[in-house]
Structure formats: structure tokens, C-alpha cells
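Protein chains in written order, with my numbering: chain A, 1 to 198; chain B, 1001 to 1264.
Keep in mind the hints are simulated off the structure, nothing from the lab. Every residue, glycine too, gets a C-beta built ideally from N, C-alpha and C. A hint or two may mislead.
Claimed, not checked - Straight-line distance between alpha carbons at most 25 Å, and here's what the computed DSS-like set of lysine-lysine pairs gives: (1) B/Lys1211 x B/Lys1198; (2) A/Lys174 x B/Lys1211; (3) B/Lys1198 x A/Lys174; (4) B/Lys1139 x A/Lys174; (5) B/Lys1139 x B/Lys1246; (6) B/Lys1246 x B/Lys1211.
To be verified - Estimated spans, in silico, between C-beta atoms of each pair: (7) A/Glu65 x B/Gly1012: 57 to 63 Å; (8) B/Arg1190 x A/Gly144: 53 to 59 Å; (9) B/Thr1188 x A/Ala75: 57 to 63 Å; (10) A/Arg190 x B/Glu1174: 34 to 40 Å; (11) A/Lys187 x B/Asn1231: 37 to 43 Å; (12) A/Lys187 x B/Asp1169: 54 to 60 Å; (13) B/Ser1070 x A/Ser125: 27 to 33 Å; (14) B/Pro1100 x A/Ala123: 51 to 57 Å; (15) A/Ala123 x B/Leu1029: 31 to 37 Å; (16) A/Phe134 x B/Trp1193: 47 to 53 Å.
Said to hold, decoys possible - Partial selection, computed: residues in chain B whose CB lies under 10 Å from chain A: (17) Glu1077; (18) Glu1078; (19) Glu1223; (20) Pro1230; (21) Ser1233.
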Amino acid sequence: MSQRTRARTTGAAARPTKAADRANPANKDADAPVSGTPPAAAASALPLQPDALARALRAVASELERDPALAERVAQAINAPAGADAPGAAPARAATPEETRVPEPAPPTVGRSFKPRIVTGVADSLGPGVPDPFALREQLGEPGMREALDSLRLGSLRAILREHHLDPSGALSKLNDAEKLRAHILKATRPSGKSGKS
Amino acid sequence: MTAICIANNKGGVGKTTTAVNLAAGLARLNYKVLVVDIDGQANATYALTGRVHPAPSIYDVLVGNRKLESILWQTNEENVWLAPGDGRLQNADVELAARPGREWRLARALSGLEYHYIIIDTPPSLGVLTQNALAAANKVVVPISLTEFSLIGIDKLDAIIEDLRDQLDLDDLEIAGVVATFYEDTTTARETWGILEKKYEERLLETRIPKNLDLEKAHREHESVLSFAPNSSSGLAYMELAREVKRRVPAHSRPYNRRSGQAY
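Sequences and hints are given; from them, build the entire structure.
Next comes the structure, spelled out in C-alpha cells:
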């Protein structure tokens, strides 16, 4: 086990860090009695009725509309990066385009790991048991059938091939490639003489 | 016909996974298998067909008066049929509580069916539904995950099997095997295995089902791990489990007739 790992698992994390000591002087001596009112309790002790809050916000809004310079300064403060209002920090300024640019999300990667998702299951409209691809084609046409097959997972696709004798050699059914199975079912159920392009 | 109840009052031990994959394994040994899903979560139904809470289901047979034959489906697995379950089963314990002969409703519904094996997946409780499954079964297979929690309350299942055997005159009802699931080669697993060996002796099945992502992936693809990843460690283990269960609980070709007191 590395030093870093050991530090994470031996209670070091439970001790206040030096940075935390600087941020909260009360942490300097963990055994010292805590005096004064905790900030959260102090905040909850302030009576702020909903109507009073609404009045205050209306007053702020009208002041911002009346004074564009104030509105500009408030906007700059809101857009300033986190920590800019810390004691000793530089006065607020508008964020540069570089600072406000949201990083592009990483391109999706194809992993082998299992990825949970919301499960909706096979549509009731496909009926009970193993769907009949010939009936699907007749009822839905090629585009509708393609859509229906897209909603089916490997197990159902393999079952269609098996139950409707669409893979006599059984070679295709051994593949874990749903796209190939769907394409084969579409092709095998197409009336002869049709190209399949709809 | 031989009916096997997959039971354990603890949840998350692999009951449904074992029911689905054991059924698929027995089907690969050329047996005709019916899976009966009486768990209100209906996960076996999903794993074998991709359907979520379909209706009509076994609920309509147990609580209503529908014929079992009218709800049976061919599943995605060859030679495996299904009596699907749905969410209404979660209330069935209460709805059946006051009915006379409530423990026998499943056994009566199965009467006359011709399969080699019936595999009954049960909810994680010892209520009326599980009692129905036990009353309908000849043998019980108990999946146990090799964790500390799995040993808590395991005696309750033994006690209820004994009670039912006495109350309902089910002479042959017994635990045919205890199968270790989600097996990982850890100290806890080895120690738990040792405890189970002492408790169940020869009833502890030799096959251990390893913890393996392919089991989850197979559920997601609506098929058994024997179809999805037959050569994976869990696929090979479930095939071996099917052979072991077949040796311990042989199939019979006679139609199901439990109510008369026959063994099959």
C-alpha cells in the first residue's frame, strides 16, 4: 500500500488539515470548547418572512434598473471567478471569454463495462413471447419493423432467428452483434424480388 | 415432472439469476422447462423475455381464476417456457391470506402440465406466495451469497420447510441443494463456505457461481448467460450447476400432480 493510500485509510482524513485550520481558526485546537453561535444556527435564527424577502428583492431590482453603473458592477461580481471576493482578492472584474468558456465534453468512449440505464422493456405492442418478424413486417412495413427490431436486445433477436428458422446453420445466432442480427432478420423476411430500400 | 423452488428469504442472493440460468442449463440438457415467476419484481420475466410487468400474469392465475395455460410464453431461451409475473404479485400475499387452501393455489394451477422441470422463482420473503411455491415443489434449491449477512436468518427457511412438510403432508419436500453465488476467492467467502459446509454437509452443492459481470450483461440482453457468454466463468458454472441439479433431482416425464400427494 502506498503512503498516500495509507494516509487515506488510517484516519488522516479525519484530522483537520492546515488549510482547514487557516480557514477556520476554531480548528486550531480540536479539544477547545466551541464558543459562539454556529453560522448555520445564526442564519436560521434570522426571521425572514416570505413577503419581506419579496419586498427586499423588488427593491434591489428597481435599484439595479435605476442605476446602470451599479447593475454593471453587480453583473461583474456575479461573473467573477470563485474566490475573487475572498479577503485580499483583487477587485471584481468581468470574466474574460477564456475564463467563461465551458470546456468541451470528452468524446464518448466505448468501454466494456456495464452501463446501467432506465429499463423500459420490450413494447407491449410486440405481443407476448417471441415476436413474429413476418407479422411485424406486414403490420408495420419496413421502417416500422426496423424501429421495432431496434428496440429488441440480443436475446429477443436470437429467439426470432431460432423460432422462425432464419439462421439454419446457427452461426449468426452465436454472434453478440445485435446490428448484424437485425440486418439479417430484415433481409430474411423481405419478400423475394424486393431490394429492401423503402 | 419435477418442480424445483428457488428460495431464500434474503434478497439479493441470486435467486432470479439462478432460476433463469438453471432453467437455461437444464434446457440445454434437452429438458423441457417451465419457469414460474411469482416474485412481484418480475425480474425473471424481464430476464427471459425483456417484458416489464406484463399482464395477464401468474397473478391472474393465483388471485383470479385464469387458466395457467392461457398465460404461458415461449421465452428467448430454447425449450424454456414462462409463466410471467408482474408487480401486482406484491399485494398477493394479502389478497390470498384469507382464502381457503391458499397454499395450494399454485400446485393446483400446475396440475396436468407436462414439462420435465418446473423452476419456481420466489420473492425474498416467507409469505403466502413462497409457501405456494414450496407446496408446489418437490425440492428446494437455496442460493446463498458468500457474505456475512447471508448467514443471518437462514434457519428460518429450514423451519418453514419443516412446518410445511408436516402441515401439508409433503413428505419429499426438502432442500436438495444449497448453491454459493457471487463467489469471490476472499477470506470471508472461504470462511462462509466453511460454515455452510458444516451446516448443510452433502446438501451444499459443489458448483460455486463466480461473481461475474457477464451475468448482469446477460440480463440486460434478455437472455441467460449460457446464451450470452457460454464460455465465461459464470456460464460454465451454471451449466455445471444444471448437471449437478439433474443428478440430484432427476426429471420425470409424468404430468405434474402434486395435490394428490405424489412426488411428481
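Consistency of the hints with the structure:
With a C-alpha separation of about 23 Å, the suggested pairing of B/Lys1211 with B/Lys1198 holds against the 25 Å cut-off. Proposed proximity of A/Lys174 and B/Lys1211 is supported: the alpha carbons are some 23 Å apart, at most 25 Å. Note on B/Lys1198 and A/Lys174: the hinted pairing is violated, with a Cα-Cα distance of about 42 Å set against a maximum of 25 Å. About 34 Å separates the Cα atoms of B/Lys1139 and A/Lys174, which puts this hinted pair outside 25 Å; it is violated.
A hinted pair counts as satisfied when its Cα atoms are at most 25 Å apart, and B/Lys1139 with B/Lys1246 qualifies at roughly 12 Å. At most 25 Å may separate the alpha-carbon atoms for a hinted pair to count; B/Lys1246 and B/Lys1211 meet this at roughly 23 Å. A hinted range of 57 to 63 Å for the beta carbons of A/Glu65 and B/Gly1012 is consistent with their spacing of about 59 Å. A beta carbon spacing of about 55 Å between B/Arg1190 and A/Gly144 agrees with the range 53 to 59 Å that was offered as a hint.
In this structure, B/Thr1188 and A/Ala75 meet the distance hint of 57 to 63 Å, their C-beta atoms being roughly 58 Å apart. With their beta carbons about 55 Å apart, A/Arg190 and B/Glu1174 fall outside the hinted range of 34 to 40 Å. The beta-carbon spacing between A/Lys187 and B/Asn1231, approximately 29 Å, falls outside the hinted interval of 37 to 43 Å. Roughly 58 Å separates the CB atoms of A/Lys187 and B/Asp1169, a value that falls within the hinted 54 to 60 Å.
Remark: the range hint 27 to 33 Å for B/Ser1070 to A/Ser125 is contradicted by a beta-carbon distance near 20 Å. In this structure the supplied range 51 to 57 Å is violated for B/Pro1100 paired with A/Ala123, their Cβ-Cβ distance being about 40 Å. For the hinted restraint 31 to 37 Å between A/Ala123 and B/Leu1029, the CB-CB distance of approximately 33 Å keeps it satisfied. For the pair A/Phe134 and B/Trp1193, the beta carbons lie near 51 Å from each other, so the given range of 47 to 53 Å is met.
With a least beta-carbon distance of about 8 Å to chain A, the hint placing B/Glu1077 at the interface is held under the 10 Å criterion. Taken as an interface hint, B/Glu1078 checks out: its beta carbon lies about 6 Å from the nearest beta carbon of chain A, inside 10 Å. About 3 Å separates the beta-carbon of B/Glu1223 from the nearest beta-carbon of chain A, less than 10 Å, and the hint is met. Interface hint status for B/Pro1230: upheld, as the beta-carbon distance to the closest one in chain A is roughly 9 Å, under 10 Å.
The interface hint given for B/Ser1233 is broken, as the beta carbon of that residue sits about 16 Å from the closest beta carbon of chain A, more than 10 Å.
Comparing the model with each numbered hint stated earlier shows that hints 3, 4, 10, 11, 13, 14, 21 do not hold.
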